[in-house]
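Asks: Dock chain one against chain two, each of which comes alone in its own frame, and use the hints as you go.
Chains E and X, in that order, are what the protein sequence lines are.
Take 29 as the starting number for the first sequence in the numbering used here and just add one per residue.
Take 632 as the starting number for the second sequence in the numbering used here and just add one per residue.
Hints are computed from structural coordinates only; laboratory data are not their basis.
Remember, it's a predicted structure, so these values are computed and weren't measured experimentally.
Fair warning: there could be bad hints in the mix.
[Unchecked claim] Each computed DSBU-like pair below joins lysine-lysine, with the alpha-carbon atoms no more than 30 Å apart: (1) E:K157 - E:K121; (2) E:K201 - X:K759; (3) X:K694 - X:K682; (4) X:K778 - E:K196; (5) E:K116 - X:K778; (6) X:K759 - E:K121; (7) E:K70 - X:K778; (8) X:K759 - E:K230; (9) X:K759 - E:K245; (10) E:K284 - X:K759; (11) E:K157 - X:K778; (12) E:K70 - X:K759; (13) E:K121 - X:K778; (14) E:K193 - E:K116; (15) X:K709 - X:K685; (16) X:K778 - E:K201; (17) X:K709 - X:K721.
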Amino acid sequence: MSWPGLATDGNMVYLADGPFLYAVSLADGKEVWRYPGKRDSKLIFYCTPAVTPDGLVIVGSAGTDHSLVALNPNDINPDTSAPVEKWKFTGAKDHWVAAPLIVENKLFAVNSDGNLYILDLQDGQSSKKATVVELDGRLWSQPTTDGERVYVTSLDHSVIAIDAKTYKVLWHKDLGGAVPGSAVLSKDGSLYVGSLDSQLEKFDPATGDHQSVLDAKNWVWSTPSLDDDTLYFGDVNGNLYSYNTSTGKLNWNPVKPDNSETASITASPLVLDDHILVATESGSVFALDRNGKVLWSQSVGGKIYTTPIAAGDLIIVAPLETDFYLVALNPSGQQVWTFTPGS
Amino acid sequence: MGQVFNLFISVFVNVLIWIYDVVGHNFGLAIILFTILIRIVTWPLNAQQLKGAKAMQDLQNDKDWQAIQKKYAKDREKLAQEQMRVYREKGINPFSSCLPTLIQFPIIIALYQSIIRALASTPLDLLKLSRSIFLPNVSALIPLNSKFLWMDLGRPESVAFFGLALPTLAVIVAITTYIQAKLTMPASTTPGDQSAAMSGMMSIYMPLMLGWFALTFASGLSIYFITSNVLGIVQYAMQGKANWQNLIPGFLKKKE
Chain E
29 MSWPGLATDG NMVYLADGPF LYAVSLADGK EVWRYPGKRD SKLIFYCTPA
79 VTPDGLVIVG SAGTDHSLVA LNPNDINPDT SAPVEKWKFT GAKDHWVAAP
129 LIVENKLFAV NSDGNLYILD LQDGQSSKKA TVVELDGRLW SQPTTDGERV
179 YVTSLDHSVI AIDAKTYKVL WHKDLGGAVP GSAVLSKDGS LYVGSLDSQL
229 EKFDPATGDH QSVLDAKNWV WSTPSLDDDT LYFGDVNGNL YSYNTSTGKL
279 NWNPVKPDNS ETASITASPL VLDDHILVAT ESGSVFALDR NGKVLWSQSV
329 GGKIYTTPIA AGDLIIVAPL ETDFYLVALN PSGQQVWTFT PGS
Chain X
632 MGQVFNLFIS VFVNVLIWIY DVVGHNFGLA IILFTILIRI VTWPLNAQQL
682 KGAKAMQDLQ NDKDWQAIQK KYAKDREKLA QEQMRVYREK GINPFSSCLP
732 TLIQFPIIIA LYQSIIRALA STPLDLLKLS RSIFLPNVSA LIPLNSKFLW
782 MDLGRPESVA FFGLALPTLA VIVAITTYIQ AKLTMPASTT PGDQSAAMSG
832 MMSIYMPLML GWFALTFASG LSIYFITSNV LGIVQYAMQG KANWQNLIPG
882 FLKKKE
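Excised from the complex, chain X in its bound form (with noise of 0.2 Å):
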């Protein structure tokens, strides 16, 4: 298992060291470059998250499941089982949803390892780094330059502000992060839904989860979550199936 982990980081590395000979050596461009090719790989997947958030905001609007809702009011124990059938019925999987982003954490794991062994910050590093290199003649390449924008990306990242280091790159991948996963949460207007608090509760954890490994971690990781936020909002927007008013705080209850 740990071979084959470990082959996974040796293809990372070689694809961001190729992009980053082709970019003028540009590490941070590469980062952001490899995301969008791992965005186009789990497109599939995202797909799939899509189409779930839409059958279950359709469901949402449906007259039989607004009955059944109605019916079940008192009894959630009823309710439950009730919209397992028509989930089943429908070919709804709830979990859809949360799927696309738990996939992301090999990804996030193998993307890390890739970063700093790419950026080989310590010699033992640099030695492993020259084990997962199956290009040619990559030794002008070499150690590769850490530096863009302000950032070190073998570094977690901060501004200096009157004395005091602030984590922007953090905050920007916790708001970035939160968006996303509001854009995409479907509306609940049924009290009780399993799948919709699910969806609430990841959108609180993931963004200070996220946020929290970009304060901890090598920046260039954070770049991968901005990015990665950013393309999934746009593609979200593009398709018309963000919903906006989640942004707002308070909309859902509203509603109810």
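So here's chain E without its partners, still in its complex pose (with noise of 0.2 Å):
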């Protein structure tokens, strides 16, 4: 098993966790479905579903079962009260962690197969005749896109870059360490990579030039957040970074906002535009102004490893190893609502 995944479409929050999919409506955190509607042995979720702009729910098993499967949630089998499957792709060998990208009618799916799987949205039926293209080690981050190049980065220690329109591989660097997490376009178009290796890498996406450019103190797990010329990051030693891009320097001296022993920030910073919130993995989020000063804290319990997020006025946050699944906050971080699922 590992940490839920999370997303949302506005009205509904999608949690991957364990035998379900499920759909949780946010206006009160109830249970709208599941999916499937009955546990199966061969499905497990903690990959981080997608949502496209037509509406589908596109989650992959880290099962038995390594399918990806699009779902409907406007179109309900009265059955199993679970929503309909439009297609499933069932060509990848292995977990499906990260999320895929969904670019216009393509979707550009990484499998821990080392395979970047590229399917047509639209047409299901032929799915299993994705194109793909076979890289390097495991792959458990979503790729990130400028629209002329797709970047995928790999726990082999690799950041490669893919053309869009012909899905060749343009260049293919080593890093010397696993990249967990996703890179991030800055405003000036680099790419921003952190690195099991402790490091930021900074890349010319053209070329694959790259350098490092802060050298952390542990593990970079998450995706870097960008938040105008500004990337925040946290490190396993629970260490928030943030770093200007335009300046090539820190803009304030790392801080620790968890003292406790397992402040790991294995999430995401959530960049909202009053503070940011940094999740750890004690259970406890805290909201930082952007100079570094903890605004206040809120223990939700259990271990957060999953990236909040917000949707309208709430922060909603998928704990691990507590009663309830998810806990939505509000702006000052309280409770709104807890979801438990049922039997």
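Replies: In structure tokens form, the structure reads like this:
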């Protein structure tokens, strides 16, 4: 097992957690449906779901069944009370961990088998005939695109650029450490990647030339979050960094909002209008201003590894190892509702 | 207790990763070498097992013991009492041949956890791995290469054969466990000999159980089982203490 995947379409929260993908109403935290309708021992979900522009929910399984399925939440099967599968892709050989990237009518989905699968969003029937780009290592993070190229990070220490139209590998660079998070494009078009080599690397997206721009204190797991020209990211020691991509310097010395022993930051910081929200393994969330000062903190319990999401006025957190599966907080950190699935 | 076991697993993980680095990033080879290391560390236990088995064999040829068996042939309860008395007098522990096998269980559990943690097939496993490492500069090694021969060491093994998934390692584990158990089983001519009966049961249940483990769990664990069994067989054979006749079905009954 691993930590849950979380996504929203603005009305519903989609939680991939264990045997089910849950759709939970943002309004009141009640379960609307779950997929599959009945537990299937071959299906395990912790892949971050993706929502297409026309409302399909796409999620992959990390069980012995390695299918990637597109669900139509507007078409509920009355027999199972679960949404109808619009299509199902069964061509992958391993776990799905990362959310697929949706670009127009294409789906760029990376799998732990080391392949990038490019599927047609509309044509479920031919989804078995996916274009397969064979890369290396386990691919656990959502690809990134600037429209021209698709960037994939790999646990085999690589960052790879693929032509978004021809799907040819343009460059393939070794960082010396695994990359569990996604690449991020800054305002000036540079590509930034954090690695388990404890480095923040800056890439020229055209050539793949790269250099380390920051030596972190430990593994950088989370995908850096971009806020104008600043990148926020954490390390597994619990340090939060604020890196200015324009000046190439830290805005302030790293801060450690959580002083507990389990303060790891694996979730990406959530950039909100008036603060930055950081979730730590100890089950706490911290709101910091843009100078790194803690404004408030809230202990929600359990352990938090999943990146929280913002939906309207709510902040949705998916802790692990606690009584409830989701908690919704208001902008001040007060609990609005919790979600615990029924039997 | 949980923390102690976690520390135990961490030690295993670090030793495995260190060997993995030394042998050129081959995790299968690392497990094999690690198993040899475990056999060396548990050598005193194995020696005790052999000593216990030898003492049991010697007892079967002891004239006093044979006389007692004859005397109480029709009184099982009395025979059992006399048997315990003889064990006490001669300093024989009837369970000494089973103990090393039982000691293996915590090792098996820790090794299984270590393999899963070291190979880290999920994000949570990888994060746990980061907490387990004492060795410096291992980020270049992570994630470990889980491929060995035709196997993915982090997953149960099977070989596709005419559309069927054959669990070859599970079969090899069961066979080698059976052979090892049979080779070390003392010959018994005594009806109702409790220790012989226990050894006989173990020689059936252990192969089935370890075979099931091999079928269900990561194939890296099967590599450990097979290596450990083969080393055990070689060890007994080299010491001339292996009862090869035990491998022949019905041998004991004929002897009776």
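Asks: Now look at each hint and say whether the structure bears it out.
Replies: Verification of the hints:
no.: 1; hint: E:K157 - E:K121; result: holds, 14 Å
no.: 2; hint: E:K201 - X:K759; result: holds, 27 Å
no.: 3; hint: X:K694 - X:K682; result: holds, 20 Å
no.: 4; hint: X:K778 - E:K196; result: holds, 27 Å
no.: 5; hint: E:K116 - X:K778; result: holds, 29 Å
no.: 6; hint: X:K759 - E:K121; result: holds, 25 Å
no.: 7; hint: E:K70 - X:K778; result: holds, 23 Å
no.: 8; hint: X:K759 - E:K230; result: holds, 28 Å
no.: 9; hint: X:K759 - E:K245; result: holds, 18 Å
no.: 10; hint: E:K284 - X:K759; result: holds, 20 Å
no.: 11; hint: E:K157 - X:K778; result: holds, 27 Å
no.: 12; hint: E:K70 - X:K759; result: holds, 25 Å
no.: 13; hint: E:K121 - X:K778; result: holds, 15 Å
no.: 14; hint: E:K193 - E:K116; result: holds, 24 Å
no.: 15; hint: X:K709 - X:K685; result: holds, 25 Å
no.: 16; hint: X:K778 - E:K201; result: holds, 22 Å
no.: 17; hint: X:K709 - X:K721; result: holds, 18 Å
Figure legend: structure checked against the earlier numbered hints; every hint is met.
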